[in-house]
Amino acid sequence: MVDRLCDIANERNIAVSCFYLDFAAREEQSPSNILGSLLKQIVGRLEVIPDEISRTFQDYKKVIGGRGLRVAEIVRMLQTVTSLQPTFICVDALDECVEKNRLEILDSLRQVLEESPNLRIFLTGRRHIRIEVDRYLGGRAAVLSVEPSRDDIVGYVRMRLSKDTSPDMMDRGLQDEIIKGITENIPET
Amino acid sequence: MLQETNTKKMSVSVTDNINSFNNVLIHNTIADNQSEILKWLSPLEPRIRHQDVRTRRVDNIGERLLHTSGFRKWCDGAQYKGSDYEILFCYGGPGVGKTYFR
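As given, the protein sequences belong to chains G and P, one line each in that order.
Per the numbering used here, the very first residue in the first sequence carries number 6; after that it's consecutive.
Per the numbering used here, the very first residue in the second sequence carries number -3; after that it's consecutive.
FYI, nobody ran anything at the bench for these hints, they're computed from the structure.
Remember, predicted model here, so these are calculated numbers, not experimental data.
Glycine is no exception: its CB is placed at the ideal position from the N, C-alpha and C atoms.
Among the hints, erroneous ones may be present.
[To be verified] Here are the simulated lysine to any residue pairs, SDA-like style, with alpha carbons at most 25 angstroms apart: (1) LYS69(P) / ALA29(G); (2) LYS69(P) / ARG140(G); (3) LYS35(P) / ARG140(G); (4) LYS35(P) / GLU57(G); (5) LYS35(P) / VAL76(G); (6) LYS69(P) / ALA98(G); (7) LYS105(G) / PRO90(P).
[What the hints assert, rightly or not] For the chain P half of the interface with chain G, some residues (derived, Cβ under 8 angstroms), not all of them: (8) TRP70; (9) GLU82; (10) CYS86.
Please build the complete structure, drawing on both the sequences and the hints.
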């Protein structure tokens, strides 16, 4: 998805920033680190770092041990940089972060959107997250249900079979049988 | 006379070198500062995870989703103010391929 957006973005000069949430990395994936990372990717492609950001950096460097940004400050900076150009922000697997952090991220994204009419946000997560997305971003969000199609599953199984380490052990008939066996068990949607 | 010209030439060349050295120095300081600022914004590097997703993905999986009118509207809206939806939320059970569709 991110690659697809990057293709579209390259043609149209749109910035793309993405984040994959991961339950195993929940300690380091704090709201300020996540939002900061989204900001970092957008700032990284600008020719000049906006004054607001470099000035704050210089000020905070003077504090003993250096000082990190608070979420509210990152939100303001995101508002600034996403107003400069059309931007896509993608956040994958919202269900993989703890509820408190997730709500803070959704609320922050809502605040950024309010100042940036050319920002588009792409989110994924499990079904139960929909309630929270509606609550925080309701009215602004189109909702799509993702279900794998039979063709997707056959395509994936074929790819895995083609990478099998002992291809000589498996003739065409066995391959077809494996695919048939798997696809027969796809629940009707 | 000849010696004087040579000295002059040498001095110009030294000045040039100093200027170019200063330019490199200024340039490097800005670049260092930039990477320092970027690191300060966040220590996390999601590009690594993205590379991982990219190598494990099968092309064209979930392609049909990108042709739905919901996706098109959302995507094209980035250039036009006041589009209906600024956010696209895709949901599904574990392992259906939310992360991997292209």
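Handout entry: Pairwise hint evaluation, ALA98(G) against LYS69(P), where the allowed Cα distance is 25 angstroms at most
Key = holds (22 angstroms)
Practice task
Given the hint that LYS35(P) pairs with GLU57(G), test it: the Cα-Cα distance must not exceed 25 angstroms.
Solution key: Holds, because 16 angstroms separates the two Cα atoms, which is no more than 25 angstroms.
Exercise for the section: Mind checking the alpha carbons of LYS35(P) and VAL76(G) for me, to see if they're no more than 25 angstroms apart? Expected result: holds (16 angstroms)
Exercise for the section: Would you check the hint for LYS69(P) and ARG140(G), treating anything up to 25 angstroms between C-alpha atoms as holding? Expected result: holds (22 angstroms)
Exercise for the section: With chain G as the partner, please determine if CYS86(P) meets the hint condition of a C-beta pair closer than 8 angstroms. Expected result: CYS86(P) check passes; min Cβ-Cβ to chain G is 5 angstroms, inside 8 angstroms.
Problem - Cut-off 8 angstroms, beta-carbon criterion: hint that TRP70(P) touches chain G - result: holds (6 angstroms)
Practice task
Given the hint that LYS35(P) pairs with ARG140(G), test it: the Cα-Cα distance must not exceed 25 angstroms.
Solution key: violated (33 angstroms)
Practice task
Decide if the proposed pair is consistent with the structure: LYS69(P) and ALA29(G), CA atoms, cutoff 25 angstroms inclusive.
Solution key: violated (34 angstroms)
Problem - Restraint check, 8 angstroms cut-off on beta carbons, for GLU82(P) near chain G - result: OK, holds: GLU82(P) within 8 angstroms of chain G, min 5 angstroms.
Problem - Hint consistency between LYS105(G) and PRO90(P) [alpha-carbon to alpha-carbon, up to 25 angstroms] - result: Within the cut-off at roughly 21 angstroms; holds.
The structure fails hints 1, 3 (numbered hints given earlier, in ascending order).
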